[in-house]
Structures are given as C-alpha cells and as structure tokens.
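Undergrad: Residue strings, one per chain:
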Amino acid sequence: MTSLRHRLFVLLLAATGALWLCAVLWIYVGSRIELEHVLDARLQEAARMVHSLVASGNVSPAAATAPFQEAGYEKQLSCQIWSLDGRLVARSSGAPEANLTQENEGFADRDIGGESWRVYTIVDAQKGVRVAVGDRIGLRDRLVRDLMLGLIGPALIIMPLLGALIWLGLGRGLSPLNRIAGEIAARDGDDMRPIADAAAPLEVRPLLRALNELFGKVDAARRHERDVTAFAAHELRTPLAGLKTQAQVALATRDDQARVSALRQIIASVDRATRLTRQLLTLAKLDAMPILGQREALDLGLVLEEAIRDCKTPPGLRIVLDPKLNGLAVRGNRECLHLVLRNLHENAVAHTVADGTICWRAMPDGAGIMIEDEGPGIAEDEMPFVTQRFYRTRGTTSSGTGLGLAIASVAANRLGMQLTIANRDDRSGLRCTLGRPPGMMSFP
Amino acid sequence: MRILVIEDDPILSDGLRVGLGLAGWTVDTVAGCADAHAALAAARFDAIVLDLMLPDGSGLDLLAEMRSEGDATPVVLLTALDEIADRIRGLDAGADDYLGKPFDLDELAARVRAVARRKGGRADPVLRACGIELDPAGLRAIVDEREVPLSRREFAVLSALMERPGIIRSRGELEDRLYGWQEEIESNAVEVHIHNLRAKVGRARIETVRGLGYRLRNSSS
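Residue numbers (the numbering used here), protein chains in the order written: chain A, 1 to 444; chain B, 1 to 221.
Simulated from the structure, these hints should not be mistaken for laboratory data. Using N, Cα and C, we set each Cβ at its ideal position, and we do this for glycine too. Careful, some of the hints might be misleading.
[What the hints assert, rightly or not] Interface residues of chain B toward chain A, partial, derived using beta-carbon atoms under 10 Å: (1) Asp8; (2) Ser13; (3) Asp14; (4) Leu16; (5) Pro55; (6) Ile84; (7) Asp97; (8) Asp104; (9) Asp106; (10) Ala110; (11) Arg111.
[Unchecked claim] Here are the simulated EDC-like pairs of lysine to aspartate or glutamate, each with C-alpha atoms no more than 20 Å apart in a straight line: (12) Lys244/A to Asp82/B; (13) Lys217/A to Glu97/A; (14) Lys244/A to Asp135/B.
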C-alpha cells in the first residue's frame, strides 16, 4: 500500500475497531458475571419468599407461586413446591412438570426437557416440603445478548461516521505533504531551486532537506556537464570559425598582402587543429588503456630529456634539471610516461614568464618527481577543474587547447602514479608532483 | 561604421578584423571583458560582435552589464553553443542577433548591417539622401542615377554623413569612423577624403561648416 493516507486510515480504523471489540468483550464478561450474581440473588430471594408464604400457612402454595411474571421476559421465574415424599404440591404457571428440586438446599444447574435451568432449592423438613425457584439459562443468555446488541448496534452506526471523520482528518493532517508534492510536481525538469522548508511540518523537514541536497547535487552535475560540453564546443568550433573566416577573407580580398596574411593564418589554424586532433586521439587512446597495463623498466631521466626535446622551448627560458633524475628507474609504459612529462613541461613552458625558470626535481626518498614553473599559478577555486578536458583557467591565452593537463592526469593514472597540482608555497608559480600512489612504498 | 570585435581567439579575431574591414568598416578588436570595458568607455561603436566565452569572463555577463548601464549598442553574439536554449539565453540577455560558430563571414556582415540599421531606426537597407543612394551591402554609391566608384574610406565618410543628412559631423567623429586604434591617423586624412568625395559626388553636396565639421546638403538648394 503506497498511499500514506490509506495506510494510516486502515491502521487507525483497525485500532479503533480492536479497542471497541475489547471494550465489548469486557462489558460482556463483566455484565454476565454481574447478571448471574443479581439473578441468583433474585432466585434465592424468590425461593425464600415462597417458602415463607408456605411456611406461614396463610397462602396456598398455588397462590404463592402466581405473581412471578414480568413484561418482556414473561415466565422468567418458575416455582415448584414438592412434598418430601415426591408429590408435586404446587407449581407456577409456565413451570415445567418435571421435578426441578434437588436433594440439598442451594443452587444447581439442571437440564430438564432439553432446557438448562438455574434452580435454588429450599428444603423444609418441618413442613415436609421442598421449594424450588428456577429460571431458564436461555433467558439469561438472551438478556446478556440484548445488552450486547444495545452496545454493538450504535457502534455499527458510529463506525462509518468515525471512519469518515478519520479520513477527513487524515486529509487535513497530510495536506502539507500534498502541498509540497504539488510544488515539486509543478516544477519543470530544469528547476533545481531548493524547496522552502521553513513552513513545512517538523516531520517533513528531514525529507525536504534530503531532497534539497539532492537538487543541489543534480544541479551541480548538470552544470558541470553543460560546462564540459560548452568548453568542448568552444575549443572545437572556434578554430573552425577562424579557418573559415580567414579562407573567406583570402577569397574576397583584392589586396595581395592581405591574401598572403590570411593564407598564413589558415596554415596556423590547420596546425592548431592538427594539434587538437592529435591530443584528442591521444586522450582516446589513453582512455582505452588499462591501468598499470604493459610495463617495462625505464630510465626516467632519458624519457624526460626526450619529452623536453619534443617541446619547443622559447629562447630566454631556463630549464633546470636535477642531476638525481639521471638514471632514476621507473617501471611503466614508456609512451604514457612520455605523455605525462611532455604535457607537464608544455604546460610549464606555456605559463612561465619570458625569462623565467622551469625546474625538474627528484623528490627525496624516491617519493616521485616534481616540476616547478614561474607562472601565474592557478586560482584555488579553479584547482579541482584544471585536469578536466577543455577546461581553461581564467585569463589564459588561447594558445592552449585545455587538454594538456587532462592528458597528463589520465596518463599518470594509467601509469599507476598520482599527479598532484598545487601552487608553490610562495605563490611564484605552479608545482606539479608526479608521485607514488597512496599506500605504495616506492615510486613505481 | 565602427565595429568592436570582442573575441579571444587570435586567428578568428584577425579574420574578423580584416574580413569585416572588407565590408567597409573600421574594426577594433579586443580579447577579453576588461579590454572590452575600456574600449566601450573610450569610443562609440555602431555595432559589437561578441564572443560568449572569454578568458576573463562570460560574454553574457559583459552584455548584461552593458545593457544595465544603458549602453544600447547593437550586439551580435558569436558562440560555439548554438542550441536553442543558448540562443534564447543570449537574446534575452540583450543581444540583437546570434550566430553559431563556424559562421559565414558575409552572413555575419549582413547581420551586423541589419542590427546597426535597426538601431538607426531605418528599415530601408539603402541610404538615400540628397540625390545619393548608398548601398552598404554592395559598397556601391549611385549619384544622380550614375554609379560612382568610391574607396573604402570615402565610403565610410559618405555613409557617416548620409546616416543623418543635415546633421554636422565633426572631424573627430569622422576620424573615429575611419580609423581603429591599431591604425595611424594621418593629420589631414579626413580633409583628403572629403576633397576626393566632393570630386566624385559633386562639390556642393558636402558643405564645410567652419570650426564644426561637415554636413550633407541638397545640391539644388
């Protein structure tokens, strides 16, 4: 059952019904005992009255047994007077002909003519009579039944009314939930604003808080997805737009110098697109590679030298290599290592000031290696995003594709290494550390 | 017309500077929001071509700022995002038109012309005044039903005068129209162009208002 209202309704109705039933049972048992008690006392009293009448001799036994009649429960009491020698002296009208009396004085349950009787007997040896007054147990049962019906009858009428009241009450009680549900249902898929929980009932607030948290997460995830798409679209389409514009300029201009300049720009544009394509293919290849796949023993110093040779270093830029890097042994995929080192170096070169220094260093205890540049560093709020594809930090010139650090990060991951990017402590540039993953004792 | 291109990609930016220049306009280029603010504060532009994603901020934010400051310069947005929702966002932020990258240079020029024309309150794409018809799209001038060849600069001066015939244009205003920041202004350039124009469209049509500037007037009057 999914409806809270139905559920509560059934529970409340069942609980109320059970309470009623218990009450009825209690009253039934209680009344029954009380009734037995009262009726037994009446039997005894009636027997004594008849006996006293007979004993005083003022009244004939037949007359003494006559008045025991009541409206509604007629012939409830029956009276018999027997002589001690077993002769029926008198009996009230409606009393059975069979002998109700018993040997000893007191109460007894008797079965006479298929009917159960409750009988009180008085034995008077002096007068030689036995007086018995009895009533049918069936009648007693009817009395209790009528009493119970009197109780249950109104209950049966009240029950539907009570049900209706509970149903309406639940509706009112649950209306804040309905209001919130309506508010959420009325939203379109893009509306991720939190729901105001100040007006909500105390019980619903944790649910609302959880919902709001979820909304926040979904919103952030969506925004991130949109950002990545936007960055990618920008990086891929802008060079194409430049290419097309320059081509149209080359076609349209009548100035030879302008045409040559446009054609040069087209070549630069194609070079840039080639680089972007190469990087995208590299990423695709890295994505398909297993982590810690094919491994070989490598000399990190040699791979680094090769990587640095592959990058164009502008004149004026100083590159410092820690001698401890020479012969530093690592195990891993040569291509991946080359990619990490080259992209880190390219990134450093792109951001270091014209006459600055780039420094490659081995960390103590073989914990890894690091590269430090003399660039602007990265704003702390942008730090989590810099290894995302196509992410470009604020203020970056458009020479990059936004893929370099992404490639370095994925390649490091495939090598089983940890790439950490942080600003230098004195904020004089960026420090990228390539180290052993947490939990591993040595650099792989 | 003087156009401001706000685009950070150097190759595209260069292409726009030269390409829109071919349409007879003076084009200034900046690469970011900060430079754009400075440019907007320094000069009046007839239209702006704005890239959405700039290195130091969003073009949309820049646009919203401009509009809130009461700058009504027509803006054509350039963006790599050309989904409908992005277009709607751009137009609702105050853009006058929208083009997805990569675009056609001629289409961009036409759209810039269109938004500039609407800003000037004209529906007719051809400027007509004092017996001269000027077609900005074809860079053609027809004077007394005879086509007159004009240089790019002459065309710029004449269209500045024709946009509001009878209104005086100062030399400084005309210089602004003719030269971007990247260009060196020769001291008597405007006079030279006016002189050449007079020879082509009729001496009486361009009147010198001493100490103030130049204005167009009917040659018959």
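Undergrad: Next, verify each hint and record whether it holds.
TA: Now the hints, each set against the structure:
1. Asp8: holds, 5 Å
2. Ser13: holds, 8 Å
3. Asp14: It holds, given that the least Cβ distance between Asp14/B and chain A is near 6 Å, below 10 Å.
4. Leu16: Since the shortest Cβ distance to chain A is 6 Å, the answer is holds.
5. Pro55: holds, 5 Å
6. Ile84: At 13 Å from the nearest chain A Cβ, Ile84/B fails the 10 Å test, so the hint is violated.
7. Asp97: violated, 16 Å
8. Asp104: Nearest chain A Cβ about 7 Å off; hint holds.
9. Asp106: holds, 7 Å
10. Ala110: Ala110/B check fails; min Cβ-Cβ to chain A is 13 Å, beyond 10 Å.
11. Arg111: For Arg111/B, the interface hint is violated, since the closest Cβ of chain A sits about 14 Å away, which is over 10 Å.
12. Lys244/A to Asp82/B: holds, 17 Å
13. Lys217/A to Glu97/A: Violated - the C-alpha atoms of Glu97/A and Lys217/A are around 93 Å apart, more than 20 Å.
14. Lys244/A to Asp135/B: violated, 26 Å
In this structure, the earlier hints numbered 6, 7, 10, 11, 13 and 14 are contradicted, and the remaining ones agree with it.
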